[in-house]
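Visitor: Each protein sequence line maps, in turn, to chains Z and U. For the first sequence, position 46 matches number 46 in the numbering used here, and the numbering has no gaps at all. For the second sequence, position 49 matches number 314 in the numbering used here, and the numbering has no gaps at all.
Derived by calculation from the structure, the hints in this document are not laboratory data. Quick caveat: nothing in here was measured; it's all calculated off a predicted structure. Be aware that one or more of the hints could be misleading.
[Claimed, not checked] Cross-link-like lysine-lysine pairs, in silico, BS3-like; alpha carbons within 25 Å at most:
no. : chain 1 : residue 1 : chain 2 : residue 2
1   : U       : LYS467    : Z       : LYS231
2   : U       : LYS467    : U       : LYS447
3   : Z       : LYS203    : Z       : LYS220
4   : U       : LYS492    : U       : LYS447
5   : Z       : LYS203    : Z       : LYS231
6   : U       : LYS451    : Z       : LYS220
7   : Z       : LYS26     : Z       : LYS220
8   : Z       : LYS220    : U       : LYS395
9   : U       : LYS496    : U       : LYS447
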Amino acid sequence: MHSLSMKQFMVTGINDMTQLPQTTDKKLGLVIDLDTCVGCQACVISCKGWNTENYGAPLSDMDAYGANPSGTFLNRVHSFEVQPDTGGCAQTVHFPKSCLHCEDAPCVTVCPTGASYKRGEDGIVLVDEDACIGCGLCAWSCPYGARELDQAAGVMKKCTLCIDRIYNENLPEVDRVPSCVRTCPAGARHFGDFADPDSDVSKLVAERGGMDLMPEQGTKPVNKYLPPRPKDTLQEVDASAPILNPVAETPKGFLGWLDKALEAL
Amino acid sequence: MHPAPSVIFFTVFSGLGFGFLTWLGVGIPAPQGWAAFPYFFVAFAMAVGGLIASTFHLGNPKNALKAFSQWRTSWLSREAWMAVLTLSAMGIFAAANIFLNISMPPLGIIGAIMALITVYTTSMMYAQLKTVPRWNHWTTSLLFILLALGGGAILAADSLGTILFIGLAALAQIYVWDAGDKRFAKRGHSIETATGLGDMGKVRMYEAPHSGTNYLLTEMVYVIARKHAIKLRIIAFILAYIAPMLLAIISGRGFDLYILALIVHIVGILAQRWLFFAEAEHVVGLYYDKR
Ligand code: SF4
Ligand code: SF4
Ligand code: SF4
Chain Z
1 MHSLSMKQFM VTGINDMTQL PQTTDKKLGL VIDLDTCVGC QACVISCKGW NTENYGAPLS
61 DMDAYGANPS GTFLNRVHSF EVQPDTGGCA QTVHFPKSCL HCEDAPCVTV CPTGASYKRG
121 EDGIVLVDED ACIGCGLCAW SCPYGARELD QAAGVMKKCT LCIDRIYNEN LPEVDRVPSC
181 VRTCPAGARH FGDFADPDSD VSKLVAERGG MDLMPEQGTK PVNKYLPPRP KDTLQEVDAS
241 APILNPVAET PKGFLGWLDK ALEAL
Chain U
266 MHPAPSVIFF TVFSGLGFGF LTWLGVGIPA PQGWAAFPYF FVAFAMAVGG LIASTFHLGN
326 PKNALKAFSQ WRTSWLSREA WMAVLTLSAM GIFAAANIFL NISMPPLGII GAIMALITVY
386 TTSMMYAQLK TVPRWNHWTT SLLFILLALG GGAILAADSL GTILFIGLAA LAQIYVWDAG
446 DKRFAKRGHS IETATGLGDM GKVRMYEAPH SGTNYLLTEM VYVIARKHAI KLRIIAFILA
506 YIAPMLLAII SGRGFDLYIL ALIVHIVGIL AQRWLFFAEA EHVVGLYYDK R
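With these hints in hand, go ahead and build the complete structure from the sequences.
Guide: So, in structure tokens, the structure goes:
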């Protein structure tokens, strides 16, 4: 039932088609906290679960139980290792990646059919599968690998920002956020409106220095990434010293008297 | 990028077909009546055959007509329009010539210009992509156009045109290969800018997001068989450029050698186009620590 009014959700952006809106009223998107993400892949699974049975063609798997399985996902978690220039231990960074709902989305303007579009009201970038010819040009134009051509349906799949959840009045209010955000056990994914400077996501970005991925591509991503906090550094001291030192060299008070008294015996 | 046979055939043969139509449009050669039929037949067969090949690259071709709708922003849509308009204009030109024995030079010249614009729109599908630095340059379009003119000249059996345009294409090719090799680094794309983690230190992939392959890797991160690239470049350069020029010089107007020139040129350009895709590195590879 949740996808009941999907058409109604989607229809508004189609008039402008592949001409990008000058500005959007809202800028809905995600903040992804690279400090908090533990790389558990829960968002990957919940995204696939929600989106395979709701809007559009299912997210197919190919050779799922064979030797060379592959499948369509809208969100994937990479893991990187960063070796500090100053030496010391390398740091592992888990790195979820889904569509960044770019303001200057090249994937929209290249589309020959108008299937790819960016909505004027909230900036969400969507694919109208009924118009898509599966040419793949939009996936070629995306620097972030956020679009995958479904190998069974032959149409382009991408993150919808769970448009069929966030406006869905059939769901309890707490569930009206993207599936990946709702699922993340570490609270590493946040959803909100970046056009509103007082929104939680805008504040997080301001406080934590939220950044763009590959800014030199000029796509102006809406989604922002919070860099990992610097690692704790240990003081160069003998950590065991305070534990092993005697608490008191000579007993005082009652114990001192007892000590002396026993000594005198 | 994955060198799919469908896109290789599409770009090679539509380029040759529209290139030949350009020459036929300006009247080099200018056969009349039924004698003109084989010329136009070859040109249309190549142009249309190439376009049909391109549809094999589509995941959902039943919507193909919708591809005409977004000409305001999409080079693919513009290409679709230009191809149809050019084929219509040249179709009228050819029909008048073959069936009515009427020559319409102004229409031919308009058709010739349109044919070159069609080749330009094809090239822009690739040259527009910032995500593939090797392609993202105006010399990509220049080379496509010079090759269309050069290949068309071979089909037209015109020695001066062959020597001039294949020669210019060869020069452009040397620049395109050389500058293309450096452009990815020059644009400053790296795993550090891709992840935004460069401030912290040197980044490498620790674990891929999936153990198997996926659409992104098979389509855009084509790394196998690039090791033969240099050998293949030499072969492509000799077959596509050097040999046809020599054959054109030798033959003057001897038709037989032009058929040989055409065959070696096509083989060379197929190799060149395979390299065009196989050597093109997409920035998404950075997220997989491979290019
Ligand atoms: S992340 Fe890729 S698919 Fe999403 S809007 Fe940006 S360019 Fe388009
Ligand atoms: S694959 Fe579909 S959505 Fe993408 S550019 Fe082609 S027609 Fe548009
Ligand atoms: S917002 Fe929805 S579609 Fe997008 S990554 Fe999250 S769960 Fe997947």
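Visitor: A separate judgement is required for each hint: does it hold in the structure or not?
Guide: Hints versus structure:
1. LYS467(U) / LYS231(Z): Since the Cα atoms of LYS467(U) and LYS231(Z) sit roughly 15 Å apart, the hinted pair holds (cutoff 25 Å).
2. LYS467(U) / LYS447(U): holds, 22 Å
3. LYS203(Z) / LYS220(Z): holds, 18 Å
4. LYS492(U) / LYS447(U): Between LYS492(U) and LYS447(U) the Cα gap is close to 17 Å, so the pair holds against 25 Å.
5. LYS203(Z) / LYS231(Z): holds, 23 Å
6. LYS451(U) / LYS220(Z): holds, 21 Å
7. LYS26(Z) / LYS220(Z): The hint holds at about 15 Å.
8. LYS220(Z) / LYS395(U): Between LYS220(Z) and LYS395(U) the Cα gap is close to 14 Å, so the pair holds against 25 Å.
9. LYS496(U) / LYS447(U): Status holds; Cα separation ~19 Å.
Every hint from the earlier list agrees with this structure, and none is contradicted.
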